[in-house]
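All chains should be modelled from the sequences, with the hints used to inform the complete structure.
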Amino acid sequence: MALIAASLARRLGGHTVLDGIALTLEPGRLCVVIGPNGAGKSTLLRLLAGIDRPDGGGVILGGAALENMAPRERARRIAHLPQTIAAHWPLNGRDMVALGRLPHGARLEAPAAADAMAIATAMSRTDTAAFSDRRIDMLSAGERARLALARVLATEAEVLLADEPVASLDPAQQLAAMDALRAEATRGAIVVVVLHDLALVSRYADRVVVLAGGRIVGDGRPSAALAPDMLERVYGARFEMALIPVAVSDRSRAG
Amino acid sequence: MRGVNAALGVFVAVLFVVSIAVGPTGFAPLGALSDMLSGRDAPMALILVELRLPRALLGVIIGAALGLAGAAMQGLLRNPLAEPGVTGVSATAALGAVLTFYGGYAGATPLALPLAGVVGAASGAILLLAIAGRDATVATLILIGAALNALAGAATALVLGLSPNPYAFYEIGTWLMGSIADRGLDHVALALPCVALGCLPLLLARRGLDALALGEETARGLGVDPRRMTLLVIAGAALAVGGAVAVSGVVGFVGLMAPHAIRPLVRYRPGASLVPSALAGAALVLLADIALRLLPTGRELPLGVMTALLGAPVLWQLAWRARRSGQTPWL
Amino acid sequence: MVTLNLCLDQLVLALAAPGQVVGVSDIAHDPRISPRWREARALPPVRKHAEEILALRPDLLIVDEFLTPSLRKTLRLAGIPTLELAEADGIGATLDHIARIGAALGRPAAALDLAASLREGVARWTAAAGPASPVAAIYQANGMTLGRDTNADGLLRIAGWRNLAAERGLSLFVPMAMEELIVATPDLLILDGETSDRPSLAEQMMTHRAARRAFAGARTLVMPHSLWLCGGPQNVEALRLLAGAREALKR
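Chains as they are written, first to last, in my numbering: chain A, 1 to 255; chain B, 1 to 331; chain C, 1 to 251.
The set of hints was computed from the structure by calculation and includes no laboratory data. Here a beta-carbon is modelled for each residue, glycine too, at the ideal position from N, C-alpha and C. Don't take every hint at face value.
SDA-like, lysine to any residue: derived pairs with alpha carbons at most 20 angstroms apart [claimed, not checked]:
| no. | chain 1 | residue 1 | chain 2 | residue 2 |
| --- | --- | --- | --- | --- |
| 1 | C | Lys48 | B | Asn5 |
| 2 | C | Lys48 | B | Tyr170 |
| 3 | C | Lys73 | C | Glu52 |
| 4 | C | Lys48 | B | Pro166 |
| 5 | C | Lys250 | C | Arg219 |
| 6 | C | Lys250 | C | Ala132 |
| 7 | C | Lys48 | B | Phe169 |
| 8 | C | Lys250 | C | Ala216 |
So the derived label-pair ranges between C-beta atoms look like this [said to hold, decoys possible]:
| no. | chain 1 | residue 1 | chain 2 | residue 2 | range |
| --- | --- | --- | --- | --- | --- |
| 9 | B | Ala312 | C | Pro45 | 41 to 47 angstroms |
| 10 | C | Gly92 | B | Ala189 | 45 to 51 angstroms |
| 11 | B | Gly104 | A | Thr16 | 58 to 64 angstroms |
| 12 | C | Gly193 | B | Ala312 | 38 to 44 angstroms |
| 13 | A | Glu73 | B | Leu204 | 52 to 58 angstroms |
| 14 | B | Leu295 | A | Glu73 | 54 to 60 angstroms |
| 15 | C | Ala184 | B | Ile131 | 50 to 56 angstroms |
| 16 | B | Arg2 | A | Met1 | 37 to 43 angstroms |
| 17 | A | His196 | B | Ile131 | 35 to 41 angstroms |
| 18 | C | Phe66 | B | Leu295 | 28 to 34 angstroms |
| 19 | A | Arg11 | B | Ala189 | 52 to 58 angstroms |
Residues of chain C placed beyond 10 angstroms of chain B at every Cβ, according to the derived structure [unchecked claim]:
| no. | residue |
| --- | --- |
| 20 | His49 |
| 21 | Thr68 |
| 22 | Ile80 |
| 23 | Leu112 |
| 24 | Pro224 |
| 25 | Gln234 |
Listed below in structure tokens is the structure:
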């Protein structure tokens with residue numbers, strides 16, 4: 001069951017943000033979207049999630065067009081992690097994660113057994129069980145980001161779209177988060193992640209989509225997409241392969 | 001959660017009984033009960049059924065309507081100050097009711113008065129959202145509320161002043177400060193249908209309001225349509241507030257205080273705060289209405305004076321926190 | 001000559017010679033509260049505003065005791081002769097007003113005629129009063145009642161009624177809770193007549209279900225404002241209504 005974007009276009013205020021996007025995303029694979037600021041990465045993810053309507057083209061999940069899908073069903077099948085996580089009320093950690101079960105009809109005050117299980121699993125996979133009863137406004141940005149990831153995992157969706165999920169995380173937590181997303185792909189989900197950290201891209205991506213100026217300029221294996229020529233063309237800066245410390249495993253798995 | 005509701009329910013029930021027991025002629029429940037059972041129009045039975053009971057019932061209905069509408073509006077706008085009174089929605093509801101009542105149209109159909117309140121409240125809410133949008137800052141909301149309140153209050157005074165009835169002009173206090181004194185069962189029949197009908201969309205919005213706690217983008221990702229939520233909350237708040245205010249006038253701050261007190265008890269979940277806020281609102285109005293009957297003032301104070309005395313410090317505290325933290329106050 | 005008080009308007013209109021009055025209070029035009037509204041409407045309405053009063057260049061001003069200090073000062077500076085009369089609290093005071101206004105207008109004969117006819121009407125409807133007399137309660141807009149030292153109280157006593165508020169030691173214009181009214185079970189409830197074709201919350205209280213049920217049928221009397229709000233010849237008609245209510249009670 002694939003997620004297919006067919007000639008997607010999106011315009012905002014007379015400006016073309018995305019144009020002619022064609023993608024077929026397959027289950028079991030982790031696809032990373034890279035590109036410079038303003039390339040349209042977040043817009044693409046919102047269109048794929050069905051949160052925004054495209055101005056041209058469409059998105060099809062398992063043969064059904066997203067725009068014809070009931071919002072609840074769409075949300076059950078596609079989980080979207082936005083780049084910025086607003087927290088308008090000081091919910092506690094568990095309640096924030098539990099919101100991921102909303103599309104399943106879960107009630108925050110009395111989650112059913114399946115919901116409670118999904119919430120607990122998601123929290124243990126993001127190592128956020130300790131924040132269960134802490135107010136999210138008292139947590140650091142990184143801690144909140146991990147809860148946000150847990151919220152998306154808890155949905156147990158077929159498609160998982162994460163917009164810069166590791167931006168505020170320390171290196172070990174970055175690996176833990178990417179491991180969790182990788183595991184989602186392994187269980188058979190379609191996973192699309194927007195990343196800026198090229199080291200993480202090379203390490204985790206099965207496929208890299210390079211976006212620039214609202215168009216796909218590269219799509220393939222990480223080695224091709226991360227070639228210095230491609231990067232220079234896209235980012236306008238010269239890249240070299242360098243030797244830097246790279247964590248081989250996060251703390252929780254080290255022991 | 002269930003404990004909170006149960007405790008509040010018991011509290012409201014106790015206040016309801018106290019409210020019925022308090023009055024200038026004391027309380028003789030047994031005599032009244034035996035009179036009632038024998039079907040006699042004895043004085044005490046009449047007082048209990050026709051004066052005390054409607055007053056207590058209206059306290060519950062109006063308090064619940066304002067508490068629930070306040071909690072829902074705060075959830076939708078993600079703003080702890082979004083309250084029927086502060087935002088001016090109650091004032092526009094009162095204006096609608098005043099236009100209808102003093103124009104002499106209230107007798108046209110039984111529901112003309114509450115419906116006018118509903119239309120007034122809906123206009124106020126739509127105007128508020130049109131200007132403020134769904135993510136206005138605290139300051140913006142207060143400014144728009146102040147403008148709406150001033151405008152609706154002035155228009156109300158104008159309508160009352162233009163009425164040929166010599167008493168009309170002096171009733172501005174009742175409409176702008178609220179009262180449930182000397183109302184009857186017929187007033188209960190006016191307020192109850194609209195308030196009950198308004199509760200439905202508000203309660204339907206509860207899960208959506210939870211999702212909105214993480215912002216509109218997340219909410220949309222969770223299958224919640226913010227526009228639908230807006231519609232539900234406007235419709236529900238207009239029905240509940242319009243129906244209530246048409247009978248009581250503007251009773252301020254109830255929708256501010258009730259959710260404010262409730263949120264910490266329900267872990268700040270907007271959806272979970274709805275029902276307890278309705279109960280807390282009922283308790284607050286009953287309490288204020290009992291207090292003003294016990295106060296040794298020559299004439300009974302308007303209900304809104306009591307709720308403002310209690311509510312203004314809460315508003316102050318919220319403003320103080322906002323000033324210090326530079327962001328939305330939560331508590 | 002200008003008057004600025006509804007009640008004084010009535011006496012002045014009854015006593016003055018044609019052309020003597022150049023202005024009456026604005027509410028004197030209202031048929032619901034002003035017995036002589038027809039005559040009043042031929043004259044300009046005057047509010048308690050210095051400009052409106054001075055524009056009529058009156059040679060005499062007849063006023064009540066409720067003028068603002070600033071208006072009082074302006075009128076004094078303008079040098080307009082002023083007759084100030086306290087509100088009448090019964091037939092005695094009304095007769096006194098009639099005599100004083102008659103003298104001020106230079107119409108003593110008319111004053112004597114009016115006083116004589118008022119005395120005659122009062123005598124006609126005077127009934128013996130005592131502890132066994134029936135009790136009437138006045139319930140007006142805003143839940144107000146009238147106690148001792150009011151024109152209405154005086155009329156009630158003449159017609160052989162006891163006034164509930166007066167018996168309770170209340171005087172003048174005071175609030176009375178509807179509950180107290182119901183518990184007191186007076187023999188008669190006297191409600192205000194309408195003041196307007198438009199409603200008010202104040203007047204709505206008089207038609208509260210509780211009052212309707214407690215005082216169903218003959219036990220309620222609606223007294224038009226114009227008949228007993230002010231002291232004057234119209235009080236005779238009020239006395240007739242009160243006597244009629246007493247007769248109805250006996251049956």
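Next on the checklist: For each hint given before, does the structure comply? Return the numbers of the non-compliant ones in rising order.
Outcome noted: 1, 13
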